[in-house]
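Chemist: Starting from the structure of chain U, add chains R, E and G where the hints point.
Chains as they are written, first to last, in my numbering: chain U, 57 to 405; chain R, 57 to 405; chain E, 57 to 405; chain G, 57 to 405.
Derived by calculation from the structure, the hints in this document are not laboratory data. There could be a bad hint or two in this list.
Chain copies aren't distinguished; within one or between two, either way the pair holds.
As the list claims (entries may be wrong) - Below, computed lysine-lysine pairings styled on DSSO-like, alpha-carbon distance capped at 30 Å:
hint	residue 1	residue 2
1	K126	K110
2	K201	K371
3	K201	K110
4	K174	K201
5	K62	K110
6	K300	K110
7	K110	K174
8	K371	K174
For clarity, every value in this text was computed on a predicted model and none was experimentally measured.
Here's the letter readout for the chains.
There are 4 protein chains.
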Amino acid sequence: MIIVMKTNSTAAEIGAVIARVQDIGASPHPIYGAERTVVAVVGETRAFDPTAFKQMPGVERITSISAPFKLASRESHPDNTIIQLNDVRIGGPEIVIIAGPCSVESRSQLLETAHAVKEAGAHILRGGAFKPRSSPYSFQGLGLKGLEILAEAREIYGLHIVTEVMNSQAVPMVAEYADILQIGARNMQNYGLLHAVGRVQRPVLLKRGMMSSMEELLMSAEYILAGGNYKVMLCERGIRSFEKYTRNTFDLNAVPVLKQLSHLPVIADPSHATGRWDVVPAMARAAIAAGADGLMIEVHPHPSRALSDGPQSLKPQVFAELMQQLKRVAAAVDRTLELPTPVLQGDVR
Amino acid sequence: MIIVMKTNSTAAEIGAVIARVQDIGASPHPIYGAERTVVAVVGETRAFDPTAFKQMPGVERITSISAPFKLASRESHPDNTIIQLNDVRIGGPEIVIIAGPCSVESRSQLLETAHAVKEAGAHILRGGAFKPRSSPYSFQGLGLKGLEILAEAREIYGLHIVTEVMNSQAVPMVAEYADILQIGARNMQNYGLLHAVGRVQRPVLLKRGMMSSMEELLMSAEYILAGGNYKVMLCERGIRSFEKYTRNTFDLNAVPVLKQLSHLPVIADPSHATGRWDVVPAMARAAIAAGADGLMIEVHPHPSRALSDGPQSLKPQVFAELMQQLKRVAAAVDRTLELPTPVLQGDVR
Amino acid sequence: MIIVMKTNSTAAEIGAVIARVQDIGASPHPIYGAERTVVAVVGETRAFDPTAFKQMPGVERITSISAPFKLASRESHPDNTIIQLNDVRIGGPEIVIIAGPCSVESRSQLLETAHAVKEAGAHILRGGAFKPRSSPYSFQGLGLKGLEILAEAREIYGLHIVTEVMNSQAVPMVAEYADILQIGARNMQNYGLLHAVGRVQRPVLLKRGMMSSMEELLMSAEYILAGGNYKVMLCERGIRSFEKYTRNTFDLNAVPVLKQLSHLPVIADPSHATGRWDVVPAMARAAIAAGADGLMIEVHPHPSRALSDGPQSLKPQVFAELMQQLKRVAAAVDRTLELPTPVLQGDVR
Amino acid sequence: MIIVMKTNSTAAEIGAVIARVQDIGASPHPIYGAERTVVAVVGETRAFDPTAFKQMPGVERITSISAPFKLASRESHPDNTIIQLNDVRIGGPEIVIIAGPCSVESRSQLLETAHAVKEAGAHILRGGAFKPRSSPYSFQGLGLKGLEILAEAREIYGLHIVTEVMNSQAVPMVAEYADILQIGARNMQNYGLLHAVGRVQRPVLLKRGMMSSMEELLMSAEYILAGGNYKVMLCERGIRSFEKYTRNTFDLNAVPVLKQLSHLPVIADPSHATGRWDVVPAMARAAIAAGADGLMIEVHPHPSRALSDGPQSLKPQVFAELMQQLKRVAAAVDRTLELPTPVLQGDVR
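This is chain U alone, in the form it adopts within the complex:
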């Protein structure tokens, strides 16, 4: 931590800052420049709110030196975290594909989608049973019934299941059905929920808030890790900017940056990050090329009849074609995406 004093700060003010640094058990190193003085603080200060110094007389501002997250940092854990779900490994050289509808709308809709994405090579099935919707008048999900349908699809198709959990009370119930617990973007800083998923032993897919910096995403991961659950994957799903042509701005820079800063797997969600099915394939390819460990893609058998997120959902046939493209891009960046041998019935493409 560096404490920058004002140009006109007095010796007494500088002395008070030095004393305060000693108070908190750290070691002060003042440097006297011609224009102003700075005080470098050496020692562990993560538990201390650095902004308290800001209010001291003569202090202009504070600059942090160390990242505020520790368990999530690659400095503390140089090797990639790999999350294993039976045969599926997340964070290794293999690309993992999560696909399915935004919401579970009915048994037939989900099973039809599960069949299609399994056949195309997806590893994990997504589908929301509890839906956060900005309007109280919109479809809010099937709830428990949705979880049961997801579990049935897992039985039939051998796919793992990821679904969103929206509050801490629901964690045990959702953890009973789901293989991966999803924390949605709007809940990235719902700390009660982060605590709750930190205490279960289910992998967590943590989506970046649409207003959250990469550092804040890593701090939210830190909450889960600090709770004892080390199986966290980070998900870039688009941030909010002034650009309105797409639903969100896909911050793909976050993929290589998060891989640098952290050992946790990074998943990209081109469906939410674009909001337009017709640019999803291009951005899915880009995410793999940028180094993502996996993708989360919305697929719906009849997008125009979807109860949510229809405009960003791929039809099964488009998804199957995309998987072929992704396999090629993965290979070009020394990653692997193995696809099932298609049962030939006419022309696949």
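Modeler: Just chains R, E and G now, kept in the frame of chain U:
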């Protein structure tokens, strides 16, 4: 709702859209231009997700005509909502001042602050017992103990109490102690929580998310109103932008705009919106001049020792001076802020 | 400047950084922490691009300590700059009002507006003769003819004239007609133009770019000051954010912050910052309460027939009423706005 | 264009709007809903400022239906524009690589870089002779001397040259030396400059402003096309957001979206879009996978001694390795990037 067709859309595609509009019980009005066709949709479509049309062949995009919120809109309720707490009226010509520390840190800290803000003329005491913190290593609040201290301050000083409730399970407990339930910016779209506070009869202070649009804020208010709780006040507390000199960007435009769009009272929080105590007074004055019904201001007896938000907290003396200024600005815009007659003990200003 | 080394940086890398600091004539102060080393740099480094250090092996990042602007800073010039135009002083206790249409559209339109704003108490007449328009198909201004009309209005009504200059070649011509040269938001970083207005002795109104930080605004002012023209006023006119209900987000925080950082006068433009005439009055009042030295307000006799910016233009009668309100708000914050005694002809308000 | 009336608009107000639409030569189609009326406007309205309607009594807002750009739109020109520079084609299946230093700093620096990027397979050499710098105290470029050095590099290495032109007066001089004129991000809405490059027959590389929407970028291209110069390529170089870990937020969504909306070639600049050399390779690969027609990459022989943009510059060896990777990614998305056969001298990797 207006459905804009692509320039090269076919008659069959336009026909399908028209049929779909009829399906949902609305009335389609196609308009054929030289370049393209648009279909205007007449009828109640709020319960229907308009984006589903986006996925239909030949459709380029959808434009909504009506606001998606209804109970919160001034169109549906032209008169100002006034929330009454005994002698304090929020939403009328009187300016309401909420003041106090970011967090309840100790009994003495809170009582000292309560005494000071009461004497300066504040009506409502703020103080967090449960604190959402971006770091798991930061002070998280005193919890129930904090609520008890707040209740004691109410008894002693006759101030109303507002404090944050962070999850739906805690609503009954917090509602037992607090006069106003605060929903924090990070929870503005925590729908379970919005549902929960919609079912109690305590006024709610709903803070705008730091990257939420005014429309989204009003949609979140709609959740609470739709639950049966009509005592909602909206709070502008700064949004996130590229500007980094201040903690947030104070979107004061929201004050007159929300007053136009909605009948609910609008409170402004210059402390979070600036993050710098030395610009809080200027922006507090500005908020009143812009038409806010009240202010929420952080005050701490020893800001440099605060466990959170010290840099944006006013010292009691600065707050007392600010109240005098606010009284003058309120009068200049035909609002009132009555201050207690100071007990003369030397020079107040 | 503080150079933060990586946690695993070697002694040789740290040594190279220290040597490099000495190379540029500054003095290095290394501080060795348990986790990492930082090197504080003492000495004048403004002319040196600090980012060059970023590329050195072992360096993680660089933090600047001093503001990069000097002539514009209040540290270097503690007293307010006051710009005098005959009887009008900008930057003193008096509030200065600039008003007029977005564009000069015709002689009659401008003279009618000039008459109305003069009568209501405005000091300076605005009006664009050269218009930057995002579409090549939109009205681009009357050019030289517009300048002549402005000069005629000055003669008739005794108002000072401010108008935009869009490129460096046009500076001599515009300076011949205008009392104040306006640099538009889109040209805030047009450095050739900043150089050009730095070499003339006409006051400059420098509008903040819609994408520019306060620091960048001050750096652009620095260009003009460094050229020898010290009569610069800064103008906050709204920045771009995700919020779309208003045309821009009025960053009123900039008013007190710029007054702290700099000695230059600060003008606020609520017309562009909101884009909606019906919220202009509220935000004009707020800007005065926040400490602005003046306002720039669009007024048009027939807004619905305006060739540009009609939706944000006030009718003369609304402007006249606003001036009465502004006078009261100015007084409430110890500023003055003297209005002409109205010639009584029925009911002014 | 759709004109949305207020819910309480009167028949007279609606009638006035209808009459006004007829006035401007378009055809009004009113649709009367239960809650409100909308008036659809059929006819060519591009030359008319639609916002003028906003100010009419009873009008709530205006929605545009057609894109405001025409020459730049794919609707008006379905086939890709291909820009040919002798042997280099921009906009076809081949990927075009532009590389070189941010600034021309010296003859030896430029020739050394030119040699390296040529050998690695680049087609076009970049290098700034005139530099827009946010500080007046920073290096501003070598000017004409820089242009001469660039021309010499072209002679020696057979590379095409792209360099920035900062103002309209300089267009003839820069066009004499450069094969492609670059319009920088800060000048994207410098309309005088856009006019000037629209009148010469040199290809233009138009960089997106850091807070400009895709639509505004296309409108700026429209200025150049409307001037008669059809050889425009669009460049995505990162936009400004709240995220501060990277210099800018790389809006790669813009690549497929601009390709959809327009026929013009799209170039991506991962150097400015990230500001960090260590994530440039990942994002360069991503840009190709997203469908970019080419890349612009900063390369410097000694980044830590660069006078500008050192932190985002690749060393020649890293660039050469990246080119090998890009070739593979290009092939995976059915594009081609042919590289020269390396002269074997040890291990190229």
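Chemist: Evaluate each hint against the coordinates.
Modeler: Comparing the hints with the structure gives:
1. Taking the shortest Cα distances, K126 and K110 sit within 30 Å of each other both inside one copy (24 Å) and across copies (23 Å).
2. Only within a single protomer do K201 and K371 lie at most 30 Å apart by alpha-carbon distance; the minimum there is 24 Å, versus 54 Å between protomers.
3. Taking CA atoms no more than 30 Å apart as the test, K201 paired with K110 passes between copies only; the shortest distance there is 28 Å, against 52 Å inside one copy.
4. Taking the shortest Cα distances, K174 and K201 sit within 30 Å of each other inside one copy (22 Å), while across copies they are farther apart (53 Å).
5. Proximity of K62 to K110 under the C-alpha cut-off of 30 Å is found in both arrangements, the shortest distances being 11 Å within a copy and 26 Å between copies.
6. Taking the closest pair of Cα atoms, K300 and K110 come within 30 Å of each other only across two copies (16 Å); inside a single copy the shortest separation is 37 Å, beyond that limit.
7. With identical chains, the CA atoms of K110 and K174 are at most 30 Å apart between copies only, with a shortest distance of 27 Å across copies and 55 Å within one.
8. For the identical chains of this complex, K371 and K174 are intra-copy neighbours only, at 14 Å inside a copy versus 44 Å across copies, given an alpha-carbon limit of 30 Å.
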